[in-house]
Amino acid sequence: MGEVIEVNGPIVTIRQPGIRNGEQVKIGRMNLIGEVIHLREKDALVQVYESTESLHPGEQVEGLGHPLTVELGPGLLGQIFDGVQRPLDKIMQMSGEHISRGLEISALDRERVWHYLPDPEIVVGKRLRGGEILGTVMETESIEHRVLAPPDCSGEIIEHAPEGDYCIDEIIVRLRLDDGPIESLKMYHHWPVRQPRPYHSRASSGLPLITGQRILDTFFPMLKGGKAAVPGPFGAGKTIVQQQIARWANADIVLYVGCGERGNELVEILQTFPKLTDPYTGRSLMERTFLVANTSNMPVVAREASIYVGVTMAEYYRDQGYDVVMVADSTSRWAEALREVAGRLGQMPVEEGYPAYLASRLAAFYERAGTVNTLAGNHGSVSLIGAVSPPGGDFSEPVTSHTKEIIRTFWALSKPLADARHYPAVSWLESFTDYAERAAIWWSENVSQQWGLRRQQALSLLAEADELERIVNLVGPEALSSSQRWVLESSGLIKEAVLQQNALDPVDSYCSPEKQFQLLDLVLRYHKSGGELIGLGVPVEQLIELEFGVGLKRLKSTVTNEDLSPLEDYALKIRQCFDAMRVEYSNDSGAAS
Amino acid sequence: MSELEYRKVSSIHGALMFLKGVEGVGLGDRVAIRDKDGRRRNGQVIRTSREVVLVQVFEGTDSLDLENTWVRFLDQPFELALSPDLLGRNFNGIGEPRDDRPPIISSLRRNVNGSPVNPAARAYPREFIQTGISTIDGLNSLVRGQKLPVFSGSGLPHNRLAAQIVRQARLPGDSSNFVIVFAAMGVSFSDARFFEHEFESSGVLRNVVMFINLANDPPMERLILPRTALTAAEYLAYELDHHVLVVITDMTNYAEALREVATEKGDVPSRKGYPGYLYSDLAEIYERAGRLRDRHGSITMIPILSMPSDDITHPIPDLSGYITEGQIVLSRELHSKSVYPPVNVPPSLSRLMKDGIGKDDTREDHPRVASQLYASYTRALEARNLASIIGSEELSERDRRYLEFADHFESSFVRQGADEERNIIETLDLAWALLSLLPPSALSRVSEEDLHKYHSWDGSS
Ligand SMILES: Nc1ncnc2c1ncn2[C@@H]1O[C@H](COP(=O)(O)OP(=O)(O)OP(=O)(O)O)[C@@H](O)[C@H]1O
Ligand SMILES: [Mg+2]
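As given, the protein sequences belong to chains A and B, one line each in that order.
Residues in the first sequence are numbered consecutively from 1, following the working numbering.
Residues in the second sequence are numbered consecutively from 1, following the working numbering.
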């Protein structure tokens with residue numbers, strides 16, 4: 001037993017001989033849990049996951065002998081956990097509406113019975129390797145949980161439970177470890193969160209993560225197993241982008257980590273997801289979703305832990321062979337928790353109070369994304385998507401600028417767009433992706449060979465229009481030629497008919513890849529044939545007055561994913577009208593020549 | 001422990017007092033201090049170790065000396081005594097009466113710091129509150145349990161706006177009013193008087209609890225005042241089933257007090273000298289707004305803060321905006337055009353609006369009308385900007401229409417009387433009257449049915 005020497009906010013100095021760095025400790029009469037983060041001569045500095053209010057120097061301390069770990073087994077899906085993996089509904093049963101301190105609750109329900117189906121290959125006498133699939137249970141109606149052997153054990157199987165109903169604490173496999181002793185395996189195991197889970201090898205992924213959001217999928221796609229960031233000032237739409245991804249992404253499992261953000265945003269997910277259907281399976285979205293929540297009013301140190309707790313659980317489903325998406329809102333709050341602890345430790349701040357290791361911690365976190373060949377012999381991926389909340393919306397601040405170096409897809413949110421209620425406020429000028437070429441392969445095989453071309457045309461049209469707008473703002477619209485004015489008109493259409501997408505619109509909230517392509521294609525064809533007419537001498541005003549624009553802008557919310565034929569009908573309407581004009585004007589010019 | 005009185009102050013600077021040789025003091029414990037003239041002060045332990053205990057003194061340390069200062073550790077946190085008698089009373093930051101009436105006596109006492117609400121216990125706020133103010137109800141609707149701050153600047157009429165909200169806020173068709181918790185930090189005597197007068201003249205004084213710290217009161221007390229006030233609010237909402245409206249002003253004074261102690265403690269500064277934990281600290285306050293699943297009452301919060309040099313990227317408004325559920329931003333430009341309330345529409349936002357409006361709550365076209373007004377107004381501001389560069393004669397026909405739209409929008413939709421109460425239907429009808437200045441082809445955010453039903457375009461003018 002050791003004792004408390006000093007209490008300084010969430011950092012407690014203890015004196016306990018033999019304690020190790022990273023070890024969990026239980027502190028004082030309230031049984032607060034913390035983690036040793038620094039050893040200094042005789043003393044150890046502990047970051048405490050709960051409020052240290054009323055803790056006294058002299059109170060007792062106990063080392064728990066292990067680092068921060070999570071429980072990995074069936075029963076995680078559908079749950080909401082706090083930053084150190086305690087289920088929040090259990091906490092509520094024990095302490096009511098407010099979270100009290102020192103509660104010891106395990107993540108997985110010990111009473112719940114699962115119907116276990118042993119894998120026929122895992123038989124007595126066979127050698128078992130770490131990370132292999134022992135058998136399966138149906139975790140939710142749509143997700144099969146593949147029970148894994150812990151990655152770090154191997155030996156000869158001497159017993160395997162038959163098919164039947166078991167609680168997670170029952171032993172399902174016994175094996176003789178290579179060095180002799182007998183090990184019993186249950187349906188769950190522990191894993192330390194700060195240590196990435198092992199895999200066989202990295203694999204390369206070519207499949208885009210489809211989110212149903214046009215500006216993301218068509219303009220700045222990311223791949224499964226990729227890493228992306230969504231930076232933006234407050235109110236620009238980071239949370240909605242992440243919620244939309246959590247809703248509609250073509251992933252098997254979604255983990256939503258609310259890190260230092262609002263309580264109500266998590267409530268919203270808990271209340272809406274069970275009622276929404278997964279567009280790929282037709283089942284309730286909650287069956288594939290789970291959450292980690294350390295809201296802004298919860299203790300800051302657990303915020304630092306929550307990110308690791310989350311990504312370790314994500315890796316666990318990856319190891320079962322699933323495509324997992326983890327969204328983290330917001331990684332800035334996590335970085336601030338680091339900063340806070342560093343400050344209390346008296347570590348030298350380098351930029352805006354952040355410690356020198358900020359960049360390497362960020363990089364190490366995002367490195368846990370990826371597509372892998374698992375130990376069990378299949379493919380799985382973790383895609384990481386982090387929101388970034390730069391102070392004052394200034395992207396040059398440390399967290400945004402370091403993140404930008406690490407990630408491969410950058411969805412930059414713009415305040416002017418958000419102010420105009422142009423959502424998602426993803427800026428087409430500041431955003432980038434490194435995955436467009438690989439995504440193009442999937443799009444051309446599955447949707448249209450024109451995809452890459454259309455995407456390029458749209459992006460250059462937007463860039464050209466931006467240039468023209470600058471000119472207009474200097475010298476007025478009169479300086480533009482007819483075809484330049486047509487460019488402005490068409491880029492406005494791309495923005496409003498394609499890029500803008502209201503998350504609350506029941507029809508437009510999710511847009512299928514086919515619809516994404518066809519909408520863009522329609523607008524670009526309209527631009528092209530309009531441009532030809534202008535070349536023949538049709539005044540640009542006349543084209544605008546035809547008012548096809550407003551119709552095009554409404555298509556996204558009137559045409560459903562299931563029936564895209566109205567898009568062709570509209571194209572036909574435009575073509576007929578344009579053809580008539582073409583005849584008229586070519587006759588004119590023919591007569592003149 | 002609480003029996004012992006120490007005279008072991010080893011140093012004093014700013015609002016902080018260091019004591020040596022005092023053992024076993026708990027973090028956050030309340031401290032009673034007596035100076036050489038026998039006057040009492042209140043403090044709180046903010047760091048504690050075997051060797052040194054650090055105490056923050058709410059009344060400041062002026063005229064304290066090292067020899068004749070007696071300190072008693074009460075072995076308990078700061079608590080507020082709670083009873084229905086709170087209503088109609090006026091307290092200071094630590095809950096002592098300011099109104100010459102006796103202190104509240106009750107066996108029910110709560111730690112003013114509260115403890116975090118379990119997100120799983122919350123109910124999503126969704127009941128539309130009608131404030132009678134078009135820019136709020138129509139464009140940035142407030143719902144019960146929301147935290148919606150007013151971002152203002154010195155000399156702007158945020159107090160008048162807050163008072164108008166307090167007076168007019170109700171659920172449509174519901175007469176029962178809110179109970180008000182009013183928390184004022186570092187405000188002038190005349191501002192505090194203004195609110196008191198407002199409460200009095202609108203006859204709600206019996207339903208108001210005030211916690212007041214004036215500009216010339218000890219600044220450190222501002223650190224605890226909002227926590228005390230919210231403890232009262234939680235009691236009124238969750239134990240007495242009231243719908244509580246909490247008005248907190250001015251959060252900037254709070255943050256400045258926090259910066260002062262942080263600097264004295266030597267905390268690593270992040271931006272503009274504010275400590276890195278300002279975000280979490282503000283969140284502890286703001287996140288106490290909300291609704292709980294199994295409770296009848298609710299806490300709706302309207303914090304007011306003045307943006308230093310009108311800069312919305314200053315850490316105080318910036319971090320607040322990252323925590324609250326939207327913001328109402330006031331504009332100096334509109335104020336100087338004598339538009340009241342001078343709500344700057346583009347940067348204003350209500351994040352909880354979406355579930356509180358529409359068919360069953362306000363009117364079916366409401367979400368689309370709001371979005372359309374935002375789009376058209378920002379478009380109109382671009383036209384105005386262009387006109388200021390090239391002159392309005394050079395503008396296209398379409399842009400001239402937008403100019404006209406902007407002017408009308410500001411003078412008839414944004415502007416209204418300080419006593420004028422528009423119900424939500426009036427607000428929406430007014431919105432359509434404005435949208436009728438623009439041709440249907442410019443209104444793609446509303447549906448064709450909406451246009452059919454509400455838009456009156458004669459194609460001319
Ligand atoms: N795609 C969208 N469709 C419709 N509305 C949107 C969309 N994106 C954002 N919004 C609107 O913008 C508001 C703010 O968005 P959001 O909460 O995602 O911002 P944020 O960037 O996460 O802000 P903060 O950093 O403060 O958390 C939402 O409440 C919603 O009203
Ligand atoms: Mg957010």
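Because the hints were derived from the structure by calculation, they are not lab data.
Please note that the accuracy of each hint is not assured.
The calculated lysine-lysine pairs, modelled on DSS-like cross-linking and capped at a C-alpha distance of 27 angstroms, are [to be verified]:
1. B:LYS265 x B:LYS359
2. B:LYS265 x A:LYS42
3. A:LYS528 x A:LYS415
4. B:LYS354 x B:LYS453
5. A:LYS275 x A:LYS186
6. A:LYS415 x A:LYS404
7. B:LYS359 x B:LYS337
8. B:LYS265 x B:LYS8
9. A:LYS404 x A:LYS495
10. B:LYS36 x B:LYS265
11. A:LYS404 x B:LYS337
12. A:LYS275 x B:LYS359
13. B:LYS8 x B:LYS20
14. A:LYS42 x A:LYS126
15. A:LYS415 x B:LYS20
16. B:LYS354 x A:LYS495
17. B:LYS8 x A:LYS415
18. B:LYS20 x B:LYS265
19. A:LYS415 x B:LYS354
20. A:LYS26 x A:LYS42
21. B:LYS36 x B:LYS20
22. B:LYS20 x A:LYS42
23. B:LYS354 x A:LYS275
24. A:LYS573 x A:LYS528
All values derive from a computational prediction rather than experimental measurement.
Verification of the hints:
A threshold of 27 angstroms between alpha carbons decides the hint, and for LYS265 (chain B) with LYS359 (chain B) the separation of about 54 angstroms lies outside it, so the pair is violated. Annotation: proposed proximity of LYS265 (chain B) to LYS42 (chain A) holds, straight-line Cα distance about 25 angstroms (limit 27 angstroms). Restraint check for LYS528 (chain A) and LYS415 (chain A): the C-alpha separation of about 31 angstroms exceeds 27 angstroms, so the hint is violated. Among the hinted pairs, LYS354 (chain B) with LYS453 (chain B) is consistent with the structure: their alpha-carbon atoms are about 22 angstroms apart, no more than 27 angstroms.
The suggested pairing of LYS275 (chain A) with LYS186 (chain A) is violated, with an alpha-carbon distance near 33 angstroms, which exceeds 27 angstroms. Note on LYS415 (chain A) and LYS404 (chain A): the hinted pairing holds, with a Cα-Cα distance of about 19 angstroms set against a maximum of 27 angstroms. Note on LYS359 (chain B) and LYS337 (chain B): the hinted pairing is violated, with a Cα-Cα distance of about 36 angstroms set against a maximum of 27 angstroms. Only pairs whose Cα atoms come within 27 angstroms are accepted, and LYS265 (chain B) paired with LYS8 (chain B) is accepted, the gap being roughly 19 angstroms.
With a CA separation close to 25 angstroms, the supplied pair LYS404 (chain A) and LYS495 (chain A) stays within the 27 angstroms bound. For the given pair, LYS36 (chain B) sits about 26 angstroms from LYS265 (chain B) by alpha-carbon distance, which is consistent with the 27 angstroms threshold. Restraint check for LYS404 (chain A) and LYS337 (chain B): not satisfied, since their Cα atoms lie roughly 43 angstroms apart, outside the 27 angstroms limit. With a CA separation close to 20 angstroms, the supplied pair LYS275 (chain A) and LYS359 (chain B) stays within the 27 angstroms bound.
Between LYS8 (chain B) and LYS20 (chain B) the CA atoms are separated by roughly 6 angstroms; this keeps the pair inside 27 angstroms, and the hint holds. Restraint check: the Cα-Cα separation between LYS42 (chain A) and LYS126 (chain A) comes to about 49 angstroms, which exceeds 27 angstroms; the hinted pair is violated. Note on LYS415 (chain A) and LYS20 (chain B): the hinted pairing is violated, with a Cα-Cα distance of about 52 angstroms set against a maximum of 27 angstroms. Note on LYS354 (chain B) and LYS495 (chain A): the hinted pairing holds, with a Cα-Cα distance of about 23 angstroms set against a maximum of 27 angstroms.
Distance hint between LYS8 (chain B) and LYS415 (chain A) is unfulfilled; the C-alpha atoms sit about 54 angstroms from each other, more than 27 angstroms. Note on LYS20 (chain B) and LYS265 (chain B): the hinted pairing holds, with a Cα-Cα distance of about 16 angstroms set against a maximum of 27 angstroms. Our distance criterion of 27 angstroms between C-alpha atoms is met by LYS415 (chain A) and LYS354 (chain B), whose separation comes to about 20 angstroms. With a CA separation close to 18 angstroms, the supplied pair LYS26 (chain A) and LYS42 (chain A) stays within the 27 angstroms bound.
With a C-alpha separation of about 19 angstroms, the suggested pair LYS36 (chain B) and LYS20 (chain B) falls inside the 27 angstroms cut-off, and the hint holds. For the hint pairing LYS20 (chain B) with LYS42 (chain A), the CA-to-CA distance comes to about 22 angstroms; that is within 27 angstroms, so the pair holds. Restraint check: the Cα-Cα separation between LYS354 (chain B) and LYS275 (chain A) comes to about 17 angstroms, which is no more than 27 angstroms; the hinted pair holds. As the CA atoms of LYS573 (chain A) and LYS528 (chain A) are separated by approximately 15 angstroms, the hinted pair is consistent with the 27 angstroms bound.
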